[in-house]
Amino acid sequence: PKTQVIKIPTDKIRDLIGKGGETIRGIIAQSGASVDVDDDGNVNVFANDDESFEKALQMVKDVTAVPELNKVYTGKVAKIVEFGAFVTILPNQDGLLHVSEIAHERVNKVEDYLKEGEEIEVKVLGIDRGRIKLSRKVLIDK
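In our numbering, the protein residues as written are 7 to 148.
Hints were generated in silico from the structure; no laboratory data involved.
Quick caveat, the model's predicted, so the values are computed rather than measured.
Hints may contain errors.
The calculated EDC-like cross-link candidates involving lysine to aspartate or glutamate, where the alpha carbons are at most 16 Å apart (straight line), are [claimed, not checked]:
| id | residue 1 | residue 2 |
| --- | --- | --- |
| 1 | LYS82 | ASP45 |
| 2 | LYS129 | GLU107 |
| 3 | LYS67 | ASP42 |
| 4 | LYS8 | ASP45 |
| 5 | LYS18 | ASP68 |
| 6 | LYS129 | ASP147 |
| 7 | LYS18 | ASP45 |
| 8 | LYS148 | GLU124 |
| 9 | LYS61 | ASP42 |
| 10 | LYS82 | GLU124 |
| 11 | LYS8 | ASP46 |
| 12 | LYS13 | ASP44 |
| 13 | LYS67 | GLU125 |
| 14 | LYS129 | ASP100 |
| 15 | LYS139 | GLU74 |
| 16 | LYS143 | ASP118 |
| 17 | LYS8 | GLU74 |
| 18 | LYS67 | ASP17 |
| 19 | LYS148 | GLU111 |
| 20 | LYS82 | GLU111 |
| 21 | LYS18 | ASP46 |
| 22 | LYS8 | ASP55 |
| 23 | LYS129 | GLU74 |
| 24 | LYS13 | ASP68 |
| 25 | LYS143 | GLU125 |
| 26 | LYS77 | ASP100 |
| 27 | LYS8 | GLU60 |
| 28 | LYS85 | ASP42 |
| 29 | LYS139 | ASP100 |
| 30 | LYS18 | GLU57 |
| 31 | LYS148 | GLU107 |
| 32 | LYS121 | ASP68 |
| 33 | LYS85 | ASP118 |
| 34 | LYS18 | GLU28 |
| 35 | LYS85 | ASP100 |
| 36 | LYS139 | GLU107 |
| 37 | LYS115 | GLU88 |
| 38 | LYS18 | ASP56 |
Can you make the complete structure from the sequences, with help from the hints?
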């Protein structure tokens, strides 16, 4: 048996537990490990085998990950809007790819450049009050 306690930010506890415990129950069901979280952000992962343990640990890390400034992510276009697109870069974490950050040339129609469900590389330009600002054009050669 393996056990480990990892610390997560207290504001991520809700994300880990999920609506009505849905997320944490999903991690337990998919990994076969036991996962407990307490109010100060300590997450206890316990499993009888390495595979279950590693899977549960990775799933907890994925759900509670915090986007990093200037890091490049492969994200999925979640929704196209008039002023750009929302791109999912981490589980439960969408960032805004503003129309001005899609390409070097002027973008009149976002749909000409992106499709919903498409995977694209984006860079985190900024994080302001939990809102994530993304760019695609900084990764494209002129």
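>> Hints numbered earlier in the text: which of these fail when held up against the supplied structure?
In response: 1, 4, 8, 11, 13, 17, 20, 28, 30, 32, 38
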